[in-house]
Amino acid sequence: MGSEQILISYKLCYICLEMGSVWGRLGSEVIVVEFGPDIVPTMDSEIPGGEQTTLEADVVFISAGRTPFTAGLDLDKIGVNTDNVGRIPVNECFAPNVPGVYAIGDAIPGPMLAHKVEEDGVACVEFIAGKEGHVDYDMVPGVVYTHPEVASVGKTEEQVKTLGVKYRVGKFPFLANRRAKAIDDAKGLVKIIVEKESDKILGVNIMSPNAGELIHEAVMSMQYGASSKDIARTCHAHPTMSEPLKEATMATYDKAIHI
1 MGSEQILISY KLCYICLEMG SVWGRLGSEV IVVEFGPDIV PTMDSEIPGG EQTTLEADVV
61 FISAGRTPFT AGLDLDKIGV NTDNVGRIPV NECFAPNVPG VYAIGDAIPG PMLAHKVEED
121 GVACVEFIAG KEGHVDYDMV PGVVYTHPEV ASVGKTEEQV KTLGVKYRVG KFPFLANRRA
181 KAIDDAKGLV KIIVEKESDK ILGVNIMSPN AGELIHEAVM SMQYGASSKD IARTCHAHPT
241 MSEPLKEATM ATYDKAIHI
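The sequence shown lines up with residues 1 to 259 when you count with UniProt numbering.
Take the hints with a grain of salt, since some may be wrong.
Said to hold, decoys possible - Label pairs and their computed distance ranges (CB to CB): (1) 139 / 236: 49 to 55 angstroms; (2) 77 / 235: 57 to 63 angstroms; (3) 187 / 129: 52 to 58 angstroms; (4) 24 / 128: 23 to 29 angstroms; (5) 147 / 240: 16 to 22 angstroms; (6) 198 / 132: 39 to 45 angstroms.
In case anyone wonders, no lab produced these hints; they're calculated from the structure.
Note that the Cβ used here is the ideal one computed from N, Cα and C, for glycine as well.
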């Protein structure tokens, strides 16, 4: 490699950032250009505005998102409806408008994530077997496999503001975490958003070397209705990369210990 890369994303696909991260580690100069207001629209962001500029590069990589691979399935021949981008509208049992047909994963609306597809598949089979299937799409985590990784679950601060919910925010940087400093990889932070009155966790964002692993404590906590105090009162081993989540929950009350 060694050449400058410009990654242009119109409808941001995580692959754009992940590929850029790979090229960067191989020695290329990488510039990411996003046409939208946020670099990762589904995740929390605090990005200031900037001036217009002209960029020159050796290679341009355009990542314009993904579309469902339903073309060529002859769905129209059996009367299955699709939307304007080829997705199959389904009900809560993953059934479209034609009896005996089921659709899951990337073929239906929702995040195009492998773990979401797995949950869809299990729930769909349960419905077919006459049982109760369930997928909580509000609790599907997203991970960008860059370095550091970025992971999130739940609502962003912008979404909470739009809903008019009163909330508190807690943040804790990995620079204040002993394990992160010991491995000389302390970039990133944990940000948690909680409802002001009930203390219910509304959203969690993590940027760290292993954010994709750390996010699952937040997912389970939110799935079962835990409050930020529930995490704050849980003993976390020291020194570990999981401690900043506890500290971030304590920061929602301005009571973080190690900062």
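Legend entry - Numbered hints the structure breaks, given as an ascending list: 1, 3, 4 and 6
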